[in-house]
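Participant: Chain residues, written in single-letter form:
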Amino acid sequence: MMKLLKYELQRRRTLLPGAAIGMLFIEGAALYGIYRGGNWNTLAIAMTMLLAVGGLLLPMLDAVTKLYADYKQKQGYLLFLTPQGGYRILLAKTVFGALEIAASMLLICGCLALSAALLDRFQYGAATALLSSVGAQMGDALTTGMLFTFVGLAALQMIAQMCVALLAVTVSRAMVQSNRYNWLISLAMYFALAVGINMVNGVLLVAFGFVGDVMRLIRDESHALRMLGKYFAISAGTYAVWAAACTAVSGRLAGRSIDL
Amino acid sequence: MYNLVATRLTKRYAHIPAVDDATLALRPGKIYGLLGPNGSGKSTLMKLAAGLVHPSAGEVRVLGGPVCPAVRAQVAYMPTEPYFPGFMSVKQVGAFHADFFADFSTDAFKRLAERMELSMDMKVSQLSSGMEAKLKLAVAASRDAKLLMLDEPLNGVDLLARDVILSAIIERADENNTILISSHLIDVMERVLDEVIFLKRGRVVLQGEAEAVRARHGKSIVDLYREVYAS
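The listed protein sequences correspond, in order, to chains W and D. For the first sequence, position 180 (counting from the first letter as 1) is numbered 180 according to the numbering used here, and the numbering increases by one without interruption. For the second sequence, position 55 (counting from the first letter as 1) is numbered 55 according to the numbering used here, and the numbering increases by one without interruption.
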C-alpha cells in the first residue's frame with residue numbers, strides 16, 4: 001500500500017505544490033479585499049467561496065482524472081503490471097484522495113482563520129463579533145460542535161463522492177471499453193449515484209428519528225449537542241459504507257473486467 | 001510443468017476476434033518466437049498472459065494458475081508501446097520496479113542501462129523512441145522472472161543496440177524460465193529462437209522447434225514466414 005501511495009505522490013509532485021500555491025494566491029486576493037474594505041469585500045467573499053469550492057473539488061477531480069488516465073492511457077500498464085490487485089490499487093487511490101481532501105480542508109480552514117484575523121484587524125472586530133453573537137445564541141459548546149460537525153461531514157461527503165466518481169469511471173470503462181461517450185456515461189452514473197447517497201442518508205436520518213428530534217429541539221434546546229453527535233455518527237457511517245462499497249466494487253472491476 | 005498454457009483462448013474486440021481459439025503450451029528453458037504480421041494477435045496474446053486484458057472465452061494459465069497478482073510477481077512483460085510516465089527519470093523507473101518486484105536487480109538494471117547508453121538522470125520525456133525501447137528492455141531484463149514476454153523488443157532500435165538487446169535476452173535465458181518474443185524482424189531473431197509459433201488472424205497455424213520446423217519444411221524460418229503469410 002505504501003508503495004502505491006508513494007507512486008501516487010510521485011506523479012503529483014508538481015500538481016500538489018502548484019495547487020497549494022494557487023489556493024494561497026486566491027487567499028491573498030481575499031485578504032487584499034478584506035484589507036481594502038468597502039466594495040472590495042465583494043472580492044473577499046468571491047475569493048473565499050472560490051477557495052472553499054475549488055479546494056474541495058480539486059482533490060476529487062484529480063483522483064478521477066488520474067484513474068481515467070490509468071485506464072485509458074498506456075501509463076496505466078505500469079500500475080496494472082505490478083503484483084498488486086485491483087482492490088489494492090483502488091484502495092490506494094481512495095486513501096490518497098482522502099488525504100488530499102483532508103490536506104485541502106486543513107488549508108482552507110487555515111485560510112479562513114487568517115481571513116477572520118484580518119477581518120478583526122481591519123474591520124473593527126467583525127469576525128469576533130459574529131462568532132460572539134452566534135455563541136451567545138447557541139452556546140459556545142454547540143457552536144464549536146456545529147463547526148466540527150460541518151467540517152467533518154463535508155470532508156466525509158467529499159470522500160464518498162470521490163469514491164462514487166471513481167466507481168462511475170470504472171463501471172463505464174468496464175461496460176463500454178472504447179466508446180467516445182464513455183465520459184458521458186460516467187458523468188450520468190456519477191450524478192445518479194451521488195443523488196442516491198444523499199437520498200439514502202436522508203432516509204436513514206428520518207428512520208433514526210430526525211423529525212421527532214427536531215420537534216423536541218424546538219421545545220428544548222438542551223438536546224442540540226446530543227442530536228448533533230447522533231446525526232454526525234449516522235451520516236459519517238453512511239458515507240463510510242458508501243465509500244467502502246464503491247471502492248470494493250471498483251477494485252473488483254478493475255482487477256477482473258477492465259482491459260487496458 | 002509448463003510456464004504458460006493457453007487453452008482455446010479467444011479475445012474479441014467488438015465481436016472481432018484478436019486471438020481466436022488459440023491453444024499452446026510453453027515449457028521452461030526455451031526461447032519462443034511469436035511470429036505473425038500486424039494484427040495477427042501477438043500483442044493481445046501477450047497482454048492476456050500478463051493480465052492486462054481478459055479472455056472472452058477459453059483460459060490462460062501462467063505458472064500453473066490463473067493470472068493474478070501473485071503470478072504477476074513472477075512475470076515480466078515488455079509491451080511494444082511506450083508506457084513509462086514522462087515525469088519519471090531512468091533512475092526512478094528502476095526504483096519503481098525495485099519497489100514492486102522482489103526479483104528486480106538494481107545492479108543489473110544499472111549495468112544494462114549503461115550498456116545501452118542510458119543516463120540515470122534522464123527523464124523519460126527526454127528519451128527518443130529508440131532509447132525508450134532500450135529502457136523498457138533494460139527493466140524487463142533486470143528481473144529474474146519465470147516468464148519473460150517481450151513484444152517487439154527491436155522496434156525502433158538501431159543496428160548496434162540490437163546486438164546488445166539480443167545478448168541481454170540470451171543472458172536472461174536459463175532452464176527455469178520461458179522467454180516469449182514477438183518480432184517482425186524474423187531474420188534477426190531467428191538465431192536466438194528455440195521454438196516458433198506462427199499466428200494468423202489470431203489462430204495458431206504452426207508451432208514447433210525451430211530446428212525441426214526448418215528440417216520439416218526444408219527452408220529457413222524467414223522463408224517459411226513468407227510462405228505462410230503470403231497465402
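Watch out, some of these pointers could steer you wrong.
With the C-beta cut set under 8 Å, the calculated list includes, among others, these residues of chain D facing chain W [claimed, not checked]: (1) 52; (2) 70; (3) 77; (4) 99; (5) 100.
Some chain D residues close to chain W (C-beta under 10 Å, calculated; not the full set) [stated by the list, open to error]: (6) 7; (7) 11; (8) 14; (9) 76; (10) 79; (11) 82; (12) 87.
Derived by calculation from the structure, the hints in this document are not laboratory data. Since the model is a prediction, treat every value here as computed from it, not as a measurement. Ideal Cβ placement from N, Cα and C applies to all residues, glycine included.
Participant: So, against the hints stated earlier in the document, which numbers end up violated here?
Facilitator: Those not satisfied come down to hint 6.
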